[in-house]
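Below are the chains, spelled out letter by letter.
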Amino acid sequence: MDLSSINSLLLLASLMVASTPILLAGLGELVVERAGVLNLGVEGMMITGAVCGFAIGFETGSALWGFAAAAAAGAVLSLVFGVLTQILMSNQVATGLALTLFGLGLSSLIGQGYVGERGVNVPDVPLGPLADLPVVGPILFRHDAVVYLSLFLCLAIWLFLYRSRAGLVLRSVGESAEAAHALGTKVVRIRLAAIAFGGACAGLGGAYLSLVRVPQWTDGMTSGAGWIALALVVFSSWRPWRLLLGAYLFGGLTVLQLNLQAAGVKLPVEYLSMAPYILTILVLVIISSGRGRAALGAPAALGRSFHAAA
Amino acid sequence: MIALERRPAPSAVWRWATPPLAVLLTMVAGGAMFAALGQDPLVAIRTIFWDPLFAEQFASYARPQLLVKAGPLILIAIGLAMGFRAGVWNIGAEGQYIVGAICGAAAGLALYPADTRLILPLMALAGALGGWAWAMIPALLRTRFGTNEILVSLLLVYVAEQLVAAMALGPLRNPDGGGFPGSRNLARWDSSANPELIVGTGMHWGVVAAFIAVIAAHVMFTRHLAGFQIRLMGEAPRAARFGGVRAGRLVILCFGVSGALAGLAGLFEVTGPAGQLNIDFGAGYGFTAIIVAFLGRLHPIGILLAGLLMALTYIGGELAQLTLGLPAAAIQAFQGMLLFFLLGVDVFTNYRLRLGRRRIA
Amino acid sequence: MLRRTFLASTALAVGLGTALGTAALAQDDPLKAGFIYVGPIGDGGWTYTHNEGRLALEEEFGDGIETVYQESVPEGADAIRTMTQMALSGADIIFATSFGYMDQVLEVAEQFPDVKFEHATGYKQADNVATYSARFYEGRAVQGHIAGSMTESNIVGYIASYPIPEVIRGINSAYIHATKVNPDVEFRVVWVYTWFDPAKEADAATALIEQGADVILQHTDSTAPLAAAEAAGGVIGFGQASDMAAFKPSPRVSSILDVWGPYYIDRVQAVMDGTWESGDTWHGIGDGMVGIGEITEAVPADVREEAMALKESMASGEYHPFTGPLNKQDGSVWLAEGETADDGTLLGMNFYVEGLTGDIPE
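Protein chains in written order, with the working numbering: chain X, 1 to 310; chain P, 1 to 361; chain D, 1 to 362.
To be clear, the hints were calculated from the coordinates, so they are not data collected in a lab.
Each hint should be verified, as a subset may be incorrect.
Unchecked claim - Which chain X residues face chain P? A few, computed with CB under 10 Å, are given here:
1) L84
2) L97
3) G105
4) H143
5) Y148
6) L151
7) L155
8) S176
9) A179
10) D219
11) Y271
12) S273
13) I278
14) I281
Heads up, the beta-carbon is just placed ideally off N, CA and C, and yes, glycines get one too.
Modelling step: build the complete structure from the supplied sequences, incorporating the hints.
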């Protein structure tokens with residue numbers, strides 16, 4: 001065992017990259033859930049984003065177009081869910097699960113011609129002298145644009161939710177659609193917008209896998225990342241900065257575990273991989289019990305459908 | 001302007017008309033997809049919906065298989081529907097299914113190689129208890145701390161998936177298996193085997209249990225006080241409270257029943273059709289059962305039919321792959337469409353379309 | 001017993017007949033081969049290579065064969081049903097391409113004594129069930145040789161999937177041949193507990209690279225580790241299962257190829273000739289079931305030649321990768337000087353050889 005071989009700077013840098021897909025998908029789902037909608041189709045939207053991002057990136061030779069297509073594909077798919085749950089009043093849990101099923105099938109159909117192909121290059125953002133700074137340089141300033149985009153999104157969502165009127169409206173819809181409706185808010189429209197945003201973020205997260213992390217298209221390549229993103233939103237108790245922290249913790253735990261193994265530490269890996277979920281349940285229990293509840297609890301209307309009884 | 005208006009009472013006509021309508025819509029949309037993939041849409045659709053039932057070459061085998069595939073789905077969905085009616089959201093049946101299989105298998109394997117007929121019943125008990133216990137975690141957290149049961153039960157699925165992998169590689173690994181993962185084959189050990197009861201019917205104990213569950217649920221919902229309380233709590237929680245319904249006890253009841261049934265389904269699967277516990281034992285039955293519960297309109301008979309329909313698309317889908325060379329993904333997308341349409345058209349059960357100006361809200 | 005004419009018109013007529021759901025015609029129809037896959041064809045790895053084998057069959061026999069397949073079949077009741085339906089639809093031979101189908105194959109085979117079954121990587125046979133697998137450890141030996149020669153940091157990273165004999169065999173074989181050319185080499189093994197999870201594989205590769213590994217070996221199916229190696233720069237890796245040629249010439253400096261086609265052609269021919277017999281086939285480089293993908297110019301010429309020589313010596317049967325003297329990890333003697341490992345021990349291998357550090361997870 002040789003723990004000194006673990007370079008903590010590189011560890012931190014790589015956990016940022018490792019966490020980006022679930023962070024992106026989680027941020028999107030956070031906004032969706034804040035609007036009172038539970039979309040369990042994250043995995044389906046991520047993988048559709050992954051295949052569309054890869055395919056368009058491959059055809060156009062441009063990563064930018066790839067990411068744009070991924071976001072669009074995720075948004076379009078999420079709107080299927082949106083229309084069903086918001087306009088046709090279907091059950092959100094069942095519809096979300098159906099979305100995942102559909103997305104997995106669809107992505108594999110689209111991806112048939114792209115197996116084994118090589119994706120486009122996504123360069124790191126040249127941050128000049130910043131990248132050469134000691135300690136923070138390697139950790140923070142040697143990444144690709146999407147990593148920074150995910151951080152920016154985190155800030156933007158925080159500003160939106162807590163510092164803007166629109167964010168307040170969105171949260172009120174998530175707390176009580178009926179009350180918001182009575183105040184003249186267009187509940188369905190807001191929820192649809194939130195759902196589309198969530199889909200776009202999930203699509204981006206998926207494309208980050210197929211364009212940056214792996215970069216190839218293979219069937220089922222998200223292998224559960226969407227479900228982790230869902231857990232993450234809960235872990236964060238629906239707050240963007242905590243989501244960031246949670247994503248780095250979730251991603252970090254895997255990266256750390258692998259690093260410890262590489263350093264020769266014997267670990268009960270199969271038990272360790274349960275840890276993030278058990279931790280999340282504990283967090284849930286803590287935030288839902290006692291005093292913290294009112295301040296930290298879930299959006300009250302989460303998962304309930306709403307129909308404006310005109 | 002077209003608007004949706006809530007019906008005073010759910011429409012009985014639409015309740016029964018929506019599923020065929022949805023199937024029809026799926027055939028159109030799915031047919032378009034198959035055509036886009038270069039298949040004859042009519043042949044593809046007939047292969048999926050007709051051949052498993054009536055084609056002489058396959059039907060004698062495929063019909064009983066419908067029961068094998070639908071059995072666990074129905075068994076789990078019945079339990080879930082009870083909770084869903086009461087507004088208790090157990091979406092972690094997949095986890096309870098897995099843990100039921102683990103506990104049941106462990107109980108049986110602890111007695112290996114004893115030779116007694118008591119082992120399978122004992123395993124069934126252990127399986128049901130395992131599923132029940134796993135479901136008690138979200139139930140108690142909800143009643144004690146008000147923790148959201150949707151999220152806890154979902155998270156416990158991931159834990160269960162890791163657990164079964166650990167078990168298949170560790171404590172329950174077959175000692176005679178040459179170091180490969182996976183437990184002993186329970187279907188090939190007479191004491192634990194859950195075989196086909198009548199040859200050629202597909203009936204095994206899990207299917208029997210599913211039928212019993214359907215009947216019991218039907219009786220409970222129509223005749224029993226608990227059934228009434230469940231419905232009341234789901235439809236009018238406040239009235240339920242005034243009516244003396246103790247919400248906490250109902251939550252525990254609903255979770256307990258659905259967990260135990262899911263555990264049983266897992267146990268009967270691992271001792272019968274699946275045979276052994278392996279790394280990826282959970283094949284998604286617990287999630288599919290949620291969809292089945294909704295397709296069946298949370299009604300026991302509806303769930304029975306929905307489970308069979310779902311099973312038909314699986315088996316017909318496999319036939320379509322086999323005879324037409326359709327990719328598995330196309331079948332998956334087709335199933336997704338079917339679910340979308342079924343869930344979507346259900347709106348007409350509770351709402352009607354109204355032409356005219358919508359009041360500005 | 002099976003006389004076959006390969007008239008295109010007959011094949012066409014049968015094709016139509018089958019599509020209409022009628023029972024397969026008795027004699028003159030093409031031979032029908034079924035395949036069940038554990039993953040999607042698009043996995044680019046294990047299942048992909050088996051499907052390549054299926055396509056090779058079609059290529060070889062043309063109208064003389066009809067192949068059917070089923071993707072992503074879970075190991076359990078679904079596998080039984082899939083194989084039964086294949087048998088019912090007239091399949092003459094069925095290839096079950098995952099270890100986990102073992103008991104299901106035996107069960108279906110009992111029901112259809114006239115259908116031949118071929119089970120990949122299993123160890124239970126029956127009159128109509130043959131097993132086959134590839135000696136991938138021979139390919140690992142070549143990889144180990146290149147890894148040992150190429151590493152400058154003397155740290156080789158190994159991404160392992162599950163602690164099962166197949167994987168352990170690969171680690172041992174690679175290690176033995178790496179230390180032969182470079183006694184200072186050290187292996188770092190990371191268990192990821194998955195056959196396929198690109199993100200996790202990338203993380204594992206990155207972790208190994210960050211700890212100084214400059215060669216990455218992988219026993220998982222995705223290209224993610226190669227991508228991680230490329231991103232890190234100065235790190236090499238190998239293709240697994242398929243060639244992963246997109247990463248040539250570096251980081252992918254060579255690959256282990258699963259080449260199932262020739263075996264499938266052999267076995268189908270045997271069914272056609274009526275000479276099919278059950279048995280256990282474990283083929284390596286010599287029989288062409290394990291291929292070594294092109295060694296690129298990123299590897300110095302002398303190393304390339306040595307690697308090719310090693311490959312040839314295994315192909316000709318003159319050299320066995322597990323030849324003594326070899327000790328187990330705890331120092332006890334496994335193979336004496338000149339002794340070679342027997343297949344039984346290899347198939348159940350659950351120990352590391354001497355020099356490897358770390359423990360095999362229980």
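Evaluated hints:
1. At about 5 Å, the closest approach between the beta carbon of X:L84 and any beta carbon in chain P falls short of 10 Å, and the interface hint on this residue holds.
2. Contact between X:L97 and chain P, as hinted, is supported at the beta carbon level, the nearest pair being about 6 Å apart and thus within 10 Å.
3. Here the hint on X:G105 is kept, as its CB sits about 3 Å from the closest CB of chain P, short of 10 Å.
4. The interface hint given for X:H143 is broken, as the beta carbon of that residue sits about 28 Å from the closest beta carbon of chain P, more than 10 Å.
5. Among the interface hints, the one on X:Y148 is violated; its C-beta lies about 30 Å from the nearest C-beta in chain P, farther than the 10 Å criterion.
6. The beta carbon of X:L151 is not positioned within 10 Å of any beta carbon in chain P (closest approach about 26 Å), and the interface hint is therefore violated.
7. A least Cβ separation of about 26 Å between X:L155 and chain P goes past the 10 Å threshold, and the interface hint is therefore violated.
8. Checking X:S176 against chain P: minimum C-beta separation of about 15 Å lies over 10 Å; hint violated.
9. Checking X:A179 against chain P by beta carbon gives a least distance of about 13 Å; that is not within 10 Å, so the hint is violated.
10. About 8 Å separates the beta-carbon of X:D219 from the nearest beta-carbon of chain P, less than 10 Å, and the hint is met.
11. Hint status for X:Y271: holds, given a least beta-carbon distance of 6 Å to chain P, under 10 Å.
12. For X:S273, the suggested interface contact is upheld, since its CB lies about 5 Å from the closest CB of chain P, less than 10 Å.
13. A least Cβ separation of about 6 Å between X:I278 and chain P falls short of the 10 Å threshold, and the interface hint therefore holds.
14. Among the interface hints, the one on X:I281 holds; its C-beta lies about 5 Å from the nearest C-beta in chain P, closer than the 10 Å criterion.
When the structure is compared with the earlier hints, violations turn up for hints 4, 5, 6, 7, 8, 9 and for no others.
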